[in-house]
Amino acid sequence: MRKAQRLDFAIAWTALCLTPALACAAPAPVHHVALPADPLGSPMWAYHAARLLSDAPVVFDPRVRLILPTIAENQHQFPVTVDARSIPGVQRILVYADLNPLTLAVDYRPLHAEPFLSLRIKLDQRTPVRAAVLAADGKWHVGSAWVDAAGGGCSAPPVGRVKGDWAQHLGEIRGAAWRDGTATRLRFTVRHPMDTGLVENIAAYNLETMHVRGADGVDLARMEIHGSVSEDPAFTLLLHPIKDGPLAIALRDSDGREFTATIGPQSRPTQPHD
Amino acid sequence: MTDARWTRRAALFALASAPLAAPLMASAEVFAGHYDLHAEPVADGVWVVRGADAAIGFANGGAIANATILAATDTDKGAILIDCGPSLAYARALSALARRLTGGPVRRVFITHLHPDHAMGAAGFAPDQIAALPETTRELGRDGTGFSDAMYRLLADWMKGTTLVMPGLTVAPGPMVVGGRRLTAVALAGHSDGDLALLDEATGTLITGDLVFHNRAPATPDANLARWRDSLTTLTQIPHRRLIPGHGPVDPTDSAIAQTRDWLDWLEGALRTAVIDGLDMGEAGEIAIPPRFADVAMARYELQRSVVHFYPRLEAELLPRVGG
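Protein chains in written order, with numbering that gives the first Met the number 0: chain Y, 0 to 273; chain X, 0 to 323.
Don't read these hints as lab results, they were simulated from the structure. Mixed in with the good hints there might be a few duds.
The calculated label-pair distances, taken between Cβ atoms and stated as ranges, are [as the list claims (entries may be wrong)]:
#1 X/Thr235 / Y/Val217: 57 to 63 angstroms
#2 Y/Leu110 / X/Gly32: 51 to 57 angstroms
#3 X/Ile237 / Y/Gln167: 30 to 36 angstroms
#4 Y/His168 / X/Ala58: 39 to 45 angstroms
#5 Y/Leu39 / X/Ala58: 20 to 26 angstroms
#6 Y/His168 / X/Asp229: 28 to 34 angstroms
From the three backbone atoms N, C-alpha and C, an ideal C-beta is built for every residue, glycine too.
Next comes chain Y alone, as it looks inside the complex:
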């Protein structure tokens, strides 16, 4: 982790220092229009914006609501909720943390879904956490906040590795769907170690893709997933109303293993009787 982080900074510095001299030989991604100044003053704002947001103009927008707890109680499981429902025509939502060695957590496409997403991410240190939303106006709308966190979210082994039972539960999916206003709320958890590759002697191993499909097999939502998403990921999505038929979830990890689940459109769990 520390090594990888230094490497990340080294790449940033190299890009910064060498770009003018080697502009033709090694063109760094450049914005067509000037980036707005980062209200958080992050040392990595311009670098990550050039990598992740270079295809469209960027604006900071308070309508990208980033809901974060007041304290990073557990740097392995930091809840992030992005609500961009007041922005029309959202095509993609990126969630990333500037100073995480694995910066990008997810790239979400709410194809037939509201621009709303909850997940849990790892934090490796105090860092800006951001949501970038590509909207119908062709711009990236960004919401962000500094989050204070102790070190080690990416560089400590996951609980399942320490307990040693991760393989027995790999890919187990729990979840349900609820009616939520006019939308269908889908929540599910997946057992997966989500190894970052930054812990000694544990290779990177993480979920890479998610598809949520309706009864007719059409993709309702798609997500690209990276190793900075927490162990045993938990996602909340708001799908456009599902009238009938089950929802299908299909996940694939970096070893090519596929995990699937089927959830009824109204499958609210009940309190077990005791």
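Based on the hints, put chain X in the right spot on chain Y.
Frame of chain Y; chain X shown alone:
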């Protein structure tokens, strides 16, 4: 010539920087503060040093937990401490305060449980002065280094010189005499794996550590709620005249145990309902807190911490298996 130029430059620099000097001095970085501890008399030979009803933070130097001072009653003057704060500097300030009150040195330190706001002041004492339940010593061995790292990160020089000192004495449940005072040790659990409560027989003062919070929301990072509730039941069965909680004011009216139980019951029910209603962690941290907890400090903060502590387990229990 050179000298003159230097002088002129120095003078110019001084002039230019003069208006800046005051604000710069005012905003100079501060690496630690000074613990200003006050002892509240509780009963004959019993004092409490109240912690701030806040989160551990640089502003309070981590002094958020209550510490109790008992005066020795045998021929040698001195003090018995129950919990000793977060740092070496705190432990030294507490020892000095105890000496002023009792006229003697610290003879024994009891640590009620592993958490660093109660236990890391052990750095100010020798292992053979420090007593804890065996579970607490085991948990300190497991988590002490991590706590130390976290406390140094949050508190900087407030922690200067604080090392991990493990308890050298094991508390056995039951009656004992320490410094002439008759104490009864009760070995409980639920806030952590080992929670020590002590009853001072002479005054009827029950010192509970973090099994009881009073007008300050309970913290749950190592909690087992079923065991915690059992421990609260045990505490209600111990006759006492007043109670010193781990956090919050002294309780003379026997209401703090019930308040702690009320919070834990509400918390568990509310989190189960949140999972069943499909809320995510962030939304669960924003649910309404009942008005009866309006006077409970740190309620929202501890709710959000508890969401993180309990949510994954509750999801595994309550969400149906749908695949994989």
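Hint by hint, here is what the structure shows:
1. Range check, X/Thr235 to Y/Val217: about 60 angstroms between beta-carbon atoms, so the 57 to 63 angstroms window is met.
2. For Y/Leu110 paired with X/Gly32, a C-beta distance near 54 angstroms keeps the hint of 51 to 57 angstroms intact.
3. A hinted range of 30 to 36 angstroms for the beta carbons of X/Ile237 and Y/Gln167 is inconsistent with their spacing of about 44 angstroms.
4. Evaluation of the 39 to 45 angstroms hint for Y/His168 and X/Ala58 yields a pass: the beta carbon distance comes to about 43 angstroms.
5. The hinted range of 20 to 26 angstroms is satisfied by Y/Leu39 and X/Ala58, whose Cβ atoms lie roughly 23 angstroms apart.
6. Y/His168 and X/Asp229 have their C-beta atoms about 30 angstroms apart, which keeps the hinted 28 to 34 angstroms range intact.
The structure shown violates just one earlier hint, number 3.
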